[in-house]
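Novice: As a plain string of letters, each chain reads:
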Amino acid sequence: QKEVEQNSGPLSVPEGAIASLNCTYSDRGSQSFFWYRQYSGKSPELIMFIYSNGDKEDGRFTAQLNKASQYVSLLIRDSQPSDSATYLCAVRSGNTPLVFGKGTRLSVIA
Amino acid sequence: GAGVSQSPSNKVTEKGKDVELRCDPISGHTALYWYRQSLGQGLEFLIYFQGNSAPDKSGLPSDRFSAERTGGSVSTLTIQRTQQEDSAVYLCASSLEGGTLREQFFGPGTRLTVL
Chain A
23 QKEVEQNSGP
33 LSVPEGAIAS
43 LNCTYSDRGS
53 QSFFWYRQYS
63 GKSPELIMFI
73 YSNGDKEDGR
83 FTAQLNKASQ
93 YVSLLIRDSQ
103 PSDSATYLCA
113 VRSGNTPLVF
123 GKGTRLSVIA
Chain B
594 GAGVSQSPSN
604 KVTEKGKDVE
614 LRCDPISGHT
624 ALYWYRQSLG
634 QGLEFLIYFQ
644 GNSAPDKSGL
654 PSDRFSAERT
664 GGSVSTLTIQ
674 RTQQEDSAVY
684 LCASSLEGGT
694 LREQFFGPGT
704 RLTVL
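The listed protein sequences derive, respectively, from chains A and B.
Heads up: the first sequence begins at 23 in our numbering, then just goes up one per residue.
Heads up: the second sequence begins at 594 in our numbering, then just goes up one per residue.
In case anyone wonders, no lab produced these hints; they're calculated from the structure.
All figures in this text were calculated on a predicted structure; none of them were measured in a lab.
Where hints are given, some of them may not hold.
[What the hints assert, rightly or not] Here are the simulated lysine-lysine pairs, BS3-like style, with alpha carbons at most 27 angstroms apart: (1) A:LYS64 x B:LYS608; (2) A:LYS64 x A:LYS124; (3) A:LYS124 x B:LYS604; (4) A:LYS78 x A:LYS89; (5) B:LYS650 x B:LYS604; (6) B:LYS650 x A:LYS64; (7) B:LYS608 x B:LYS650; (8) B:LYS650 x A:LYS24; (9) A:LYS24 x A:LYS124; (10) B:LYS604 x A:LYS89; (11) A:LYS24 x A:LYS89; (12) A:LYS24 x A:LYS78; (13) A:LYS78 x A:LYS124; (14) B:LYS650 x A:LYS124; (15) A:LYS124 x A:LYS89; (16) A:LYS64 x A:LYS24; (17) B:LYS610 x B:LYS650.
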């Protein structure tokens, strides 16, 4: 059974701070890793994907992957109230469907 | 259309009735996925279509659930003899193909309530 684990939160951070969202996965064969953002009552939207060990930066977002530890994280710098949402981690091996975690609810306090 | 569309947006039905949920993927996308999201839960994979290949049905929770994709485009998810535990948001996604890094674009979902 492939599993993706996330702390459900809520994770509360003050505006302007760094939010750190973490995810672990069970399948060592996982090859690609995705972070989706889901606002309440809306469908998920892709923020970033990563497939190589290390960091990948896109604007205020940085994804970090450590395959040896089976760990992937998302950092959000200069957090804004508009970043308040549920963040879903998803992993994939080959052409198999994405396996999603249950998500971490982030609340950025103004 | 510009994005993935789903209909209906909301469906309320009585226990034991059959329901059909529709998904129109982005034009040209060959891969189509159905997921289910229960309250406070992550997305649960149901079924995956890729081109003309046999669909991956490994996520369907019971034989009451079935899906088809006609002409490689529109897909219909059918739930027979609905149960209260079927209540959830059913999300459809599509991508250019089933490749590892292909982004899946999600539709707005159908909220199903079984009374």
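Novice: State for each hint whether it applies.
Specialist: Now for the hints, and whether the structure bears them out:
no.: 1; hint: A:LYS64 x B:LYS608; verdict: 26 angstroms, holds
no.: 2; hint: A:LYS64 x A:LYS124; verdict: 15 angstroms, holds
no.: 3; hint: A:LYS124 x B:LYS604; verdict: 24 angstroms, holds
no.: 4; hint: A:LYS78 x A:LYS89; verdict: 14 angstroms, holds
no.: 5; hint: B:LYS650 x B:LYS604; verdict: 23 angstroms, holds
no.: 6; hint: B:LYS650 x A:LYS64; verdict: 25 angstroms, holds
no.: 7; hint: B:LYS608 x B:LYS650; verdict: 24 angstroms, holds
no.: 8; hint: B:LYS650 x A:LYS24; verdict: 16 angstroms, holds
no.: 9; hint: A:LYS24 x A:LYS124; verdict: 13 angstroms, holds
no.: 10; hint: B:LYS604 x A:LYS89; verdict: 42 angstroms, violated
no.: 11; hint: A:LYS24 x A:LYS89; verdict: 15 angstroms, holds
no.: 12; hint: A:LYS24 x A:LYS78; verdict: 24 angstroms, holds
no.: 13; hint: A:LYS78 x A:LYS124; verdict: 23 angstroms, holds
no.: 14; hint: B:LYS650 x A:LYS124; verdict: 21 angstroms, holds
no.: 15; hint: A:LYS124 x A:LYS89; verdict: 20 angstroms, holds
no.: 16; hint: A:LYS64 x A:LYS24; verdict: 26 angstroms, holds
no.: 17; hint: B:LYS610 x B:LYS650; verdict: 22 angstroms, holds
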